[in-house]
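*Asks:* Each chain, letter by letter, is given below.
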Amino acid sequence: MRRLSWLVAMVGCLAAAGCAKRIPAQDTAFEATQTVMLAFRGGEQIEGRIAPGRKVELREPGIIWSAKVKDVTEDRIVLRDLVKVRDASGAAMQAARAADLRLSVAEQFPEKTLLRSEITRMEQIKMDIGRTAQYGSFLTYGVAVLATLLGDRS
Amino acid sequence: MRRLARFLLPASLFLFAATAFSPAPTASAQGTGDLGPISLDSLTVLEPSSVYRPFDMLGIRAGAHGWAMGGAYVSLASGIEGIAWNPAAMGWAERPELAADLTWLSSSSTSSSSLDELVIPEIATLRITSYDVRLKSQVRSGILGAGMPLASIGGRNLAGGVSFRRYMTVAYPEETVSTLVSLEGGFPVTFAYDGQEKGGIDAGAATIAVEAIPGVLSVGANLNILDGRLRTRKNLLSAGGQAAIVGHSNVKFRYAGRSVDLGLQLRKEDLFSVGLRYTPGYTLEVTGGSYSSRFPSQSGGEEFDLLDVSIAGYDLDVPPLLSVGGSVRPLAYAPLSSHGFLGSLSSITLAFGLDQQNWSEAEARYRTAVKALRGPGGYPCFEGAPYCTEEPAPDPSLPLNDVTSVHFGAEWRYLRIGKIDIPLRFGYQAGALSMTDLPDSNSFMARKWKGEEIQSSGVTMGFGVETGSVRYDLSYEIVDYDLHKFHYDTPEHPFLNPNWSYVDVSRRNARLRLSATLKL
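These protein sequence lines are chains A and B, in that order. By my numbering, the letter at position 86 of the first sequence is numbered 86, and the numbering carries on one by one without gaps. By my numbering, the letter at position 259 of the second sequence is numbered 259, and the numbering carries on one by one without gaps.
Think of the hints as simulated: they come from the structure by calculation, not from any bench. Virtual Cβ for every residue (Gly too), placed ideally from N, Cα, C. One or more hints might be untrue.
[Unchecked claim] Cβ pair distances, simulated, as ranges:
| # | chain 1 | residue 1 | chain 2 | residue 2 | range |
| --- | --- | --- | --- | --- | --- |
| 1 | B | Gly-204 | A | Ala-133 | 28 to 36 Å |
| 2 | A | Arg-41 | B | Lys-419 | 31 to 39 Å |
| 3 | A | Glu-118 | B | Leu-331 | 54 to 62 Å |
| 4 | A | Met-127 | B | Thr-110 | 51 to 59 Å |
[Claimed, not checked] Calculated cross-link-like contacts (lysine-lysine; reagent style DSS-like; alpha-carbon spacing at most 25 Å):
| # | chain 1 | residue 1 | chain 2 | residue 2 |
| --- | --- | --- | --- | --- |
| 5 | B | Lys-252 | B | Lys-448 |
| 6 | A | Lys-84 | A | Lys-55 |
| 7 | A | Lys-126 | A | Lys-68 |
| 8 | A | Lys-55 | A | Lys-70 |
| 9 | A | Lys-21 | A | Lys-126 |
| 10 | B | Lys-519 | A | Lys-21 |
| 11 | A | Lys-84 | A | Lys-70 |
| 12 | B | Lys-371 | B | Lys-252 |
| 13 | B | Lys-419 | A | Lys-126 |
| 14 | A | Lys-126 | A | Lys-55 |
| 15 | B | Lys-419 | A | Lys-21 |
| 16 | B | Lys-519 | A | Lys-126 |
Chain A with its partners taken away, still in its complex shape (with noise of 0.2 Å):
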């Protein structure tokens, strides 16, 4: 049992600790399976995985929306279920939220479409696994170090 917490506590731990990499791609093929970051030429940029169904976090110049993918053909990619999850104004936001609690939690748009003929820029997001692990092994010694440090003073 004791054995079995320290795993799980390492695993958590590296799963806290998963650092991402971006690797700029040489065009602007992507496939479903990939986890990219796309850059249009009107400023926005999609993070995900650009599938039907996908959920993906879409930026534009000051807002922060979150999305689901409804359709991905050759020529554009249509957003559906638009959530503003932060703007510039992102304190006064919460705290207007906070004031009165009746308000929507956050404002929703139906749909958006981008064109991919408008990608001026593709990066896959991969997992840095070197910089993974040493996070990952601080974590893990850090939970220990805790770990010792309660069980001194229990």
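Starting from the structure of chain A, add chain B where the hints point.
*Replies:* Structure of chain B alone, referenced to chain A:
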């Protein structure tokens, strides 16, 4: 059956005798009565090892980098990992940092006893075939901390951090293992005191430091809220076939206080550095003390003598601590090749340090008036018991000694595997422990607790593993010293220690320390 009987004979003889003459209060045969809060003097007589122990603020400083260099680190400490050595270290932090540190302590010792036999009057004589008092292995926490640059004020870096770290060691778990055999024959029996201890004095600290002259001078301070406890349990064990706990005693204390560490570091482009750390004196409140024991009754049978008393709380004025040190890179500007072995010589750093804390000036005062009830032999006794006299207890006098220690260290950055730097480190340290040795028996009887100072010396070594974001430092320290112990930790006992006999102990402590620092 015959084999069993041959074992049981010496074992039962020994246990009967040991418990029959256990160092319980003189009038405790019935185990009832009011001792009141006992004084520290009474505790010293009851269980000397619970008082003869170090109050150590120096050996506990977290950071394997520093200990691999023999503790000569007050001028070199940098970042959150270094605040236990010098709070000014935080001033150099350029990125957010996290630090964690643990120590594994192990020990070996050789003991030579002047007592060859234990004579149980009119029952038997047991020959001591082996006797050893050693420090028990322990894992000790060091630091868990986080720090980051907070602001830049006119190009000067202002950094802060929070940490939780072990501030002072008070735990000193020992085990006494002896093997005895009856002169009348039989199998040997092992008789042991097994000390189990937890706790220490921890500091929840806020650190603030500023790079007063960018790249040259940093000053900083730790504000420490001290809290801690010590819980000891000493089991009396017999073993010969199957181990059995025959009795035990417990001591508990709580500690609280506040302290400030001040620090300064002066550097010149990694060519040399000077560091100073000063902790002004502060008051440590020692409360919640209790002593309890449960040993088989000398009346025999299944009965036990139970003792459960509180220990008078006291305030301890901890003396100021001063650490100074410096480092130099003697070959930094030598005309050497910039690569390879010769080039690496320019990276050699030599460091030294000096620590001073005059523990002999530590004054203690009882928090409330304490009366001392003493029976024959000086043991605490119950009020109204025969030969029990009452005296006003003087303020406690702890057997503490001035600590002056010197530290030397070197670091050489030669090894590099891929993108990983592996600096090698070596060091030497020498100095006195904060606790004194036991005094001679006449002084002990006269309640003059302070004995000779205990000098220690040791070598250290270690290395670092420096990757992009995470740095691991490992140190291994070997420290030797000699001290004396009472036989079975009992100053006077008709059977276990009839002649105030001492045991000469040569102890070697080994500490393996691992520190990890993450720069975000």
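*Asks:* Starting from Lys-84(A), check that the Cα of Lys-70(A) is at most 25 Å away, please.
*Replies:* Between Lys-84(A) and Lys-70(A) the Cα gap is close to 17 Å, so the pair holds against 25 Å.
*Asks:* Range hint 28 to 36 Å: satisfied by the CB atoms of Gly-204(B) and Ala-133(A)?
*Replies:* holds, 31 Å
*Asks:* Mind checking the alpha carbons of Lys-419(B) and Lys-21(A) for me, to see if they're no more than 25 Å apart?
*Replies:* At roughly 18 Å apart (the allowed maximum being 25 Å), Lys-21(A) and Lys-419(B) satisfy the hint.
*Asks:* Is the straight-line distance between the alpha-carbon of Lys-419(B) and that of Lys-126(A) 25 Å or less?
*Replies:* It holds: about 21 Å lies between the C-alpha atoms, which stays within 25 Å.
*Asks:* Would you mind confirming whether the straight-line C-alpha gap from Lys-371(B) to Lys-252(B) stays at or under 25 Å?
*Replies:* Given that 25 Å is the threshold and the Cα spacing comes to 20 Å, the pair holds.
*Asks:* Please work out if Lys-126(A) and Lys-55(A) have their alpha carbons no farther apart than 25 Å.
*Replies:* holds, 17 Å
*Asks:* Taking only the CA atoms, is the gap from Lys-84(A) to Lys-55(A) under or equal to 25 Å?
*Replies:* Between Lys-84(A) and Lys-55(A) the Cα gap is close to 13 Å, so the pair holds against 25 Å.
*Asks:* Check whether the Cα positions of Lys-55(A) and Lys-70(A) lie no farther apart than 25 Å.
*Replies:* Measuring from Cα to Cα gives roughly 10 Å; hence the hint holds.
*Asks:* Could you say whether the range 31 to 39 Å given as a hint is met by the Cβ separation of Arg-41(A) and Lys-419(B)?
*Replies:* At 38 Å between Cβs, range holds.
*Asks:* Holds or violated: are the alpha carbons of Lys-126(A) and Lys-68(A) at most 25 Å from each other?
*Replies:* holds, 21 Å
*Asks:* Tell me if the straight-line CA distance from Lys-252(B) to Lys-448(B) falls inside 25 Å.
*Replies:* Holds. Lys-252(B) to Lys-448(B) sits at ~24 Å (cutoff 25 Å).
*Asks:* Okay, Glu-118(A) versus Leu-331(B) on CB: inside 54 to 62 Å?
*Replies:* At 59 Å between Cβs, range holds.
In summary, the structure agrees with every hint in the numbered list given earlier.
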